[in-house]
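Asker: In numbering that gives the first Met the number 0, the protein residues as written are 0 to 283.
Derived by calculation from the structure, the hints in this document are not laboratory data. Hints are not guaranteed to be accurate.
As the list claims (entries may be wrong) - Label-pair restraints from in silico Cβ distances:
#, residue 1, residue 2, range
1, Glu141, Gln63, 35 to 41 Å
2, Glu82, Lys181, 23 to 29 Å
3, Ser61, Asn92, 30 to 36 Å
4, Asn79, Glu49, 16 to 22 Å
5, Ser61, Tyr117, 29 to 35 Å
6, Val59, Ala183, 34 to 40 Å
7, Asp58, Asn133, 42 to 48 Å
8, Glu231, Ser57, 23 to 29 Å
9, Thr196, Glu82, 25 to 31 Å
10, Asp259, Asn92, 25 to 31 Å
Note that the Cβ used here is the ideal one computed from N, Cα and C, for glycine as well.
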Amino acid sequence: MNKKVLLVALMFCCATILVAPGIMASENGLEPSQTGFTPTWQIGEEWVLESSHKDLKSDVESWQAPIQWVFKVRAIKEKNGVECYVIHIHANNPDVKNQAVLWLAKNDLRPVRVIDLYPTLNGMKYSEKEVDPNNPQPLLSEDTIVPYDLPVFPLENEQANRAQGADGFSAYGKIKEAIGKKFAKIRNVGGLSFKRTVSQNNKQTKRQNSDGFGAYSAQGMSKDAQQAYSIEISEERAQNDISQTWRQGYPWAVASTKRDRKVRLIKYQNKTNNPNTENGGNEQ
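Between the sequences and the hints, there should be enough to build the whole structure, so can you do that?
Answerer: Below you can see the structure in the form of structure tokens.
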């Protein structure tokens, strides 16, 4: 891509090349917890998402040409007292100038700092998204075409929610699944504060939700590594719900859909630096 544009994005990483070498991570790239999982990464790890956007100007339903986005873990760096992954995102197509730099807390991926970069007639500009690391909530890629939507981790699946069933508490598991999580989102516009509720709910994982990733995950991967987590994120009065499917063994959601955008993981480089995995496969 254009070296000048790339330099603008990399300046926000602030000499991240000089930080300590990569971290230890679980073998399949996910950190297990008592109630679910949280992805873990290493410095230098990268993956590619492909997004398709609905053509809102068309009278009939049509989708624009897909864009491939490269996510790369540039560093692990402290921000506001929190150890963070520094993720740089840019398009493979040099004509697409939009980029993003994310500081995500290493322990639970909550956003600590989010920078959106975008082209203008006067060159590249940037804006900083309002985030509160002390009050985690889903990270939504609003006002940008860069698809970095993230739920609040750790994620849970239906099996985890119904784990109490053997002890006669299956009803409690069903209630827990229905309730999900709710977050208060406050956005400041023109000196005024607007509050909305953002909900994150677990969904029953279906094979078709994996968008073709089931065949890949079933080859050379343990049963645990095939575990899938489906969630839905909705914002009050926004009418643009997001559905995502995450799988153990993959660095990002394998599929993400909302009304005007579809995203899928198409390639990633595993932690042994073997870029041998297309369409989310994990050959071990």
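Asker: Hint by hint, which ones does this structure get wrong, listed from lowest number up?
Answerer: 1, 3, 4, 5, 10
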